[in-house]
Structure formats: structure tokens, C-alpha cells
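Chemist: Residue numbers (my numbering), protein chains in the order written: chain A, 1 to 339; chain B, 1 to 56.
Hint data in this document are derived by calculation from the structure and do not stem from the laboratory. Remember, it's a predicted structure, so these values are computed and weren't measured experimentally. Treat the hints with caution; some may be incorrect.
[As the list claims (entries may be wrong)] What follows is a list of derived Cβ distance ranges for each label pair: (1) A:270 x B:28: 43 to 51 Å; (2) B:28 x A:191: 36 to 44 Å; (3) A:198 x B:28: 37 to 45 Å.
[To be verified] From chain A, some residues computed to sit far from chain B (all C-beta separations above 12 Å): (4) 151; (5) 161; (6) 175.
In this text, a Cβ means the ideal position worked out from N, Cα and C, and glycines have one as well.
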Amino acid sequence: MRKVEEVLLRLLKAYSPTGREKQAEGELLKISRDLGLEAEVDEVGNVLMGRGEEVWLVGHYDTVPGKLPVAKEGELLKGRGAVDAKGPLAAMIVAAASLKDTPVKVAALVAEEGDSRGAKHILKNLEASYVIIGEPTNTTGIAVAYRGSVKILLECRAEASHSSSPGKSAVDKLIEAILEIKKAAPGASYSTPSAAVTLIRGGSGYSTLPKKAIAKIDLRIPLGTSSSELISKLPKPPEGCKLTVTSAIDPVSVPPSSPVPRALARALLKQGIKPRLLRKYGTSDMNLIHPKVKSIAAYGPGESRLAHTDKEKVSIKDLETAVKTYMEAAKELSKLKQT
Amino acid sequence: MKAFCPVCGGEVELPEDVMPGELLECQSCGATLEVYEQESAFKLREAEEIGEDWGE
Chain A
1 MRKVEEVLLR
11 LLKAYSPTGR
21 EKQAEGELLK
31 ISRDLGLEAE
41 VDEVGNVLMG
51 RGEEVWLVGH
61 YDTVPGKLPV
71 AKEGELLKGR
81 GAVDAKGPLA
91 AMIVAAASLK
101 DTPVKVAALV
111 AEEGDSRGAK
121 HILKNLEASY
131 VIIGEPTNTT
141 GIAVAYRGSV
151 KILLECRAEA
161 SHSSSPGKSA
171 VDKLIEAILE
181 IKKAAPGASY
191 STPSAAVTLI
201 RGGSGYSTLP
211 KKAIAKIDLR
221 IPLGTSSSEL
231 ISKLPKPPEG
241 CKLTVTSAID
251 PVSVPPSSPV
261 PRALARALLK
271 QGIKPRLLRK
281 YGTSDMNLIH
291 PKVKSIAAYG
301 PGESRLAHTD
311 KEKVSIKDLE
321 TAVKTYMEAA
331 KELSKLKQT
Chain B
1 MKAFCPVCGG
11 EVELPEDVMP
21 GELLECQSCG
31 ATLEVYEQES
41 AFKLREAEEI
51 GEDWGE
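Isolated chain A, as found in the complex (with noise of 0.2 Å):
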């Protein structure tokens, strides 16, 4: 069995949704010791691999929730995170094992599919100067570019009374309330804020006006608008509602030219694949650790499109391109700190 391979069916059998990656962290480290890796697991539970200060390449071990049955289908791995990013990971460590005489660290981070906290720990005491995500990107993309992010509670809050009464309940209020949100952010295309509904919950389904009713909005952010400019754009809610940001990120873009994306392309061009260049809808890890690094990209294999989808899956060919990707790009980024 090819070694990407096999780290991959580890990964991929400790099914780790956000909040409840201790399974995977285990194996993380019977992996690391496996091949040679240094490692360690720091306080909020991100496991540091290899060695090396100015290099590093980061995915996340945490997953959306929804366990798959992982399998191997001719030269396809099918399981939960096998594209969103178990796979990316996966590649990474390989590809850090490999390489010997190239100082490089891999950190698993955790929680990238909820609150960053992940991310967010490794910022304080971060030193590198060039850093690449592990997200899917095709195999032969290079992601330059992610959307910001806002998160925003709504609650509204009204007189219960009969459902034959005139008289808007919590949850007509709710409605009028993220239908203005909508309006502020159609989401009509990539430049354009948009607003997603991800959880809505009010009422008991009896014959009475609900008086309580909840909505989390996930919006988005383009380029050239910030997240606290989106915030001051946000409707006033009609009266008996509250709105809270719960998290508010800035949307990032780096030059193809800048280190990382060149040396990635670079990787990609000299195993005679064409690279093509990425703006992701979403938004990652990499919108966080950007204003602290030198240089920043995203790359990773697999089909963005499966991620969070019951269809993930990565074949062995993508997987390989990836550890040579990785390797290539990590040798080029460790030289630029000597000149």
C-alpha cells in the first residue's frame, strides 16, 4: 500500500467532526511516530508534527458532522474528510516525513469547521514566514483568494396568543427580519455579499402565535469589503428582535507572484501540470493566519465540489500529486530564508 495511502485510511477511520477530534488525535500521533515525526499536541489540542520554523503547512483534522463508511475503491479513498481535509493532511504529512533535509512542520489544527479556536491558538505564538493551507483545490488549483465571513444570531421575541388572532408572531418577525438581511446580501454572484440561513427554530407547532423564534445567518463577504463594513450595512430588525455577530472575518487575496502561490506553481509546472489559479466562496483558516506570515496560498487535492457532501472522496493519483506538490514547493519556500 502507498504510504499517502495508508495515513489516509488511518485519518479517515477516526471519524473526528468538530468538538470531538480526540479519536483522531491519537492517531495522529501513532502516525507522526510512525514515520519518524517529532510531535506534540498543544493546549487546545492542534497536533504540531516535524520540525522547522519558517515553513510550515497547515491543514485540519476536524470534519463536518456525518460519518461515512471509509473505503477503498480502486484507486478512490471514501470516507468523512477525504476531501475537506483529511486528504490534503494526509499528503502533508507525507510529504514532511519525506523530506530530510528540509526543515518543515505540519499542524493539524483543529476546529477549522467551527470557530477557528485552532487557528486561533497557533496565531499567538506563530513564527513562520510562509504558510500553506491544506484545502481542496482540484489538485492542480491554487487557491489566492477567500471570502470573509459573519456570522449573526438573530432572536425575535413577541405575545403569545391564539393563532386566530391578528398580529405578527416571533416568527413572522423572524421572517420580516431575514428577508432585509437578504436584500442586503443576495449573493447573486461571487462579488456579492451573501447571506445563508443555517439554522431557524421557533414555535411548538400547538394552535399559538410562537413568542420565541431564533435563526443563525451565515453571510459572506467579497473582496474589497471589509466584515465591519458589512456589519454597519446590516437592517435595523423590526422591534422584538435582537441581532449579536458571533464572529466576523475579512476576506484575503495574495498576488500570484508573492512566494507561496509562486512556489506552488512552480511544484505543479515541474511535474508538467498546468496551474490554475482560485478564488474560493468560502473562507478558511488562511484568513486568519494571512496578516501574520510573509506569504500565504491554499492547495490541496481532491474535488472541492464533494466537500461537506456524502460523495467525499479522493483518488490515490490526486493524493501523490499533492505529497510531490507539498515536497516541491516546502524544498523552494526553505531556500528563499537563506538569501
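Chain A is already provided as a structure; the job is to place chain B on it using the hints.
Modeler: Chain B in isolation, oriented as in the chain A frame:
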């Protein structure tokens, strides 16, 4: 090593170790450009448009 931006005509500094297929931006107009080789010289053309991709 210098080349010229095909969009604005501005001068673009190329790294000494540049490879055909590399992508960079024009400092004058911001266009994304691709390096190619022609008759032993490196030149620039407009790169494929940056793609949009879902998720993270």
C-alpha cells in the same frame, strides 16, 4: 530580466529563475499574466481568468 505587459505595455520584472507557465501580476495595471517562452526569450500573455471555486 524584463518583459512587457500585453495589457498596458508596462514593464514587468521577471525573476531570474522564472519558468514558462508561471503566473504573476503586472505592477502597473494589475492584470494576471502567464510567462511563456518564444525564441529563447520570456514573454507575457494574459493568463486564464482566475476561477471561482466552492467552499474552503
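Chemist: A separate judgement is required for each hint: does it hold in the structure or not?
Modeler: For each hint, the structure was consulted:
With their beta carbons about 29 Å apart, residue 270 of chain A and residue 28 of chain B fall outside the hinted range of 43 to 51 Å. The hinted window of 36 to 44 Å between residue 28 of chain B and residue 191 of chain A is violated, with their beta carbons roughly 23 Å apart. A hinted range of 37 to 45 Å holds for the C-beta pair residue 198 of chain A and residue 28 of chain B, which are about 43 Å apart. Distance to chain B confirms residue 151 of chain A as a non-interface residue, since its nearest Cβ pair spans about 15 Å, more than 12 Å.
No Cβ of chain B approaches the Cβ of residue 161 of chain A within 12 Å, the least distance being about 43 Å, so the stated non-interface status holds. Distance to chain B confirms residue 175 of chain A as a non-interface residue, since its nearest Cβ pair spans about 27 Å, more than 12 Å.
Against the hints set out earlier in the document, violations occur for numbers 1, 2.
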